[in-house]
Amino acid sequence: MSRLLPFFGFLLLVVLFGFGIWWNTQHDQREVPSPLINKPAPAFVLPKLDDPAQTVSRDALLGKPYLINVFASWCIACGEEHPVLMTQGKSIGVPVIGYNYKDASEDAKEWLSKHGNPYDMVIVDREGRTAIDFGVYGAPESFLVDGKGVIRYKRIGPLTPEVIEKELKPAIAALSKEAP
Amino acid sequence: MIRAPSPVGAHPVRDHQAKRYARGRAQGALLQMLCLLLFTGLAFAQAIDPLPFKDHAQEVRFQSLTRELRCLVCQNENLADSNADLARDLRHEVFDLMQQGKSDEQIKQYLVDRYSDFVLYDPPVKASTMLLWFGPFLILLAGAAVVMVTVRRRGRAAVTVTNDKPTEEGDDW
Numbered sequence: 001m002s003r004l005l006p007f008f009g010f011l012l013l014v015v016l017f018g019f020g021i022w023w024n025t026q027h028d029q030r031e032v033p034s035p036l037i038n039k040p041a042p043a044f045v046l047p048k049l050d051d052p053a054q055t056v057s058r059d060a061l062l063g064k065p066y067l068i069n070v071f072a073s074w075c076i077a078c079g080e081e082h083p084v085l086m087t088q089g090k091s092i093g094v095p096v097i098g099y100n101y102k103d104a105s106e107d108a109k110e111w112l113s114k115h116g117n118p119y120d121m122v123i124v125d126r127e128g129r130t131a132i133d134f135g136v137y138g139a140p141e142s143f144l145v146d147g148k149g150v151i152r153y154k155r156i157g158p159l160t161p162e163v164i165e166k167e168l169k170p171a172i173a174a175l176s177k178e179a180p
Numbered sequence: 181m182i183r184a185p186s187p188v189g190a191h192p193v194r195d196h197q198a199k200r201y202a203r204g205r206a207q208g209a210l211l212q213m214l215c216l217l218l219f220t221g222l223a224f225a226q227a228i229d230p231l232p233f234k235d236h237a238q239e240v241r242f243q244s245l246t247r248e249l250r251c252l253v254c255q256n257e258n259l260a261d262s263n264a265d266l267a268r269d270l271r272h273e274v275f276d277l278m279q280q281g282k283s284d285e286q287i288k289q290y291l292v293d294r295y296s297d298f299v300l301y302d303p304p305v306k307a308s309t310m311l312l313w314f315g316p317f318l319i320l321l322a323g324a325a326v327v328m329v330t331v332r333r334r335g336r337a338a339v340t341v342t343n344d345k346p347t348e349e350g351d352d353w
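Protein chains in written order, with this note's numbering: chain A, 1 to 180; chain B, 181 to 353.
The following block holds chain A by itself, in its conformation from the complex:
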């Protein structure tokens, strides 16, 4: 029996190794879970892309849930995400606010006119200062904010049809259930 012990030890290591590989295919190691989930979104005041004289603030958006989608014209993954937003953005049931992150506004405008504009509104964070408050560390990222201004869900990386179906839509459905 004890002669088999090393073999069992080895087997255990193999299982552990296999589990590690499986786990890493399911999870993005680089993903940093946001501590802001279920906390109020940071107060922000940011100008609109199409009219920088007008600003949009968190408090002005209170009352209805919305999705903030962090994007930039320099961001390659945003290009992959973009067609998904174009086809499904209108059907998720909440307004989608584009958050133009560390981007030149001319580039962003050109990018949107070239590929289409899936957003109900686009706000600009040229320096990325407000993005730090949101804990943004790359693009694309998406935040679902409820009517009370609380962040309910965050997606790091592109929204894919699968993510929208399995994560975003249930999160939005949960919101409309609590709303009167």
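No wet-lab data here; the hints were simulated from the structure.
Since no wrong hints were added, every one of them can be taken at face value.
Pairs of lysine to aspartate or glutamate residues, derived as EDC-like cross-links and limited to a Cα-Cα distance of at most 16 Å, are as follows:
| no. | chain 1 | residue 1 | chain 2 | residue 2 |
| --- | --- | --- | --- | --- |
| 1 | A | K102 | B | D269 |
| 2 | A | K48 | A | E127 |
| 3 | A | K102 | B | D265 |
Values in this document were obtained by computation on a predicted structure and should not be read as measured data.
Once you've looked at the hints, dock chain B against the given chain A.
This is chain B only, laid out in the frame that chain A set:
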């Protein structure tokens, strides 16, 4: 300071370049240059991204603080070393908070509130990190237990072997 086991990877070795140079001859001028090089190495992040520090002490504090913070884009680098755009922004943020008179703890908390404990190279000891901090000792203990049991069993087997005739090879391993 104890470096906590980082979940992602090793801490970059900074003085690697200096060491390579140091292997050569030690002539006066060269030595002097070496000393200079050593210090520019330390202040490297500084050189690519100059910030108007109030005094040297503040600069030293900034350097040691940003070295304890992880860059979120290239996660094996600290904020002081990273060339990533976000790392630069966060360095500026740390710098601004320092100018506002915030303590190191407050600055760390500011970043943790936004980016979670992940930004700290030293994860705090709390319920969710118990295994990370004390797991290695548990494994060590388990190993010690296995060794103890094996040694005892062998001792007993040896006694039986000397007492009796040599048996079939014992089932010790």
